[in-house]
Structures are given as C-alpha cells and as structure tokens.
Amino acid sequence: MALIFQITGFKKSGKTTLTNCFVQQLKAQDYTVAVIKHDAHAFAIDHPDTDSYSFRESGADIVALSSSSQHAIMVDQGITLKDMIASLPPTDVILIEGYKEAPFPKIVMVRDAEDVATLETLPAIYKMATLRDGLPANILKVSTQAAQEALCQTIIEEFLQ
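Using numbering that gives the first Met the number 0, you'd call the opening residue of the sequence shown number 0 and step up by one each time.
One should not assume that every hint holds.
Stated by the list, open to error - Label pairs and their computed distance ranges (CB to CB):
no.: 1; residue 1: 81; residue 2: 41; range: 19 to 25 Å
no.: 2; residue 1: 49; residue 2: 11; range: 28 to 34 Å
no.: 3; residue 1: 68; residue 2: 113; range: 27 to 33 Å
These are computed hints drawn from the structure, not numbers from a lab.
For each residue, glycine too, the CB sits at the ideal point set by N, CA and C.
Whole structure, please, built from the sequences with the hints as guidance.
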C-alpha cells in the first residue's frame, strides 16, 4: 500500500514548491509517485479548437485521449478524494496537495501568524513550515532549496525506510 502524505496550506504559501521537491527527492531514490492536486475552483483541462473539446461540447459524458506516451480521461463530474486515490495505478507514494481536512499526515505551509492560527487544528499535522521570515521558532523555515530537500529527506526516512 502506498504512503499517502499531504502538503496543504493557503494559496501562495509554498505548497507546489514543496510538492515538487518531494517528487524530485522520491524519484531520485527510485520511488514511484502519484500527485493529487485539489483545485477549489472550476478548472478546464480541455480547450476550444480541439477535437476533444468539440466532443464534450456535443454532449459526450466522457472523453478519453490517448497517445503512445500518456492518456487522460475527462469526466464532467466531481470525485471524492477517497475515490480518486482508489482510481490511481499502484505507486509507492501518493502526494496530495490540498484537501486540508483529509486525515493523512501532512505538512502545513503557512504565510503568517493568521495562517498558523487558522490551520493549527487541522488533523494529522506532521509539521508546520514556511518560506517566509518572522514566524515563531516552532514553524520550520524552509526558504532555501537545501532546507526543503532536508525536510523531504527526513519524511522519506521516517515514513518509507
């Protein structure tokens, strides 16, 4: 069963920066990695002037795209995190960016004291971290690539080795 680990926080707090660091560190150690990204807003994966877009505009409920190197299935319906996890091919690690209230161990990225106060009661917090100056010493500062890599490696060693 895959390790499931979250990186969460508010917009522009460093979630994607840290998630990319995790992916790079895990891949360097030959782990297989899936990333689930929560988007709190409606997003468009398809675009006008493509055949697949025209199929959806014509009323297709599901449109699948495939090539020799990748594929995508577009369904005009939301999905729960649990069902999204269950639908993934087997991997060593599933990283989840977002889904603050999910029950998995998580790094909470914060921007300021207000974020800390708002997010400190989330479930399963492993560590709160920041890219910024001026937060209390109990908030891990990861503003350099070296600090981010050290945090990622600590988690890999604690949870996977």
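Status of the hints after comparison with the structure:
1. Taken as a hint, the range 19 to 25 Å holds for the pair residue 81 and residue 41, whose Cβ atoms sit roughly 21 Å apart.
2. For the pair residue 49 and residue 11, the supplied restraint of 28 to 34 Å holds, since their beta-carbon distance comes to about 30 Å.
3. In this structure the supplied range 27 to 33 Å is violated for residue 68 paired with residue 113, their Cβ-Cβ distance being about 44 Å.
Of the numbered hints listed earlier, the single one contradicted by the structure is hint 3.
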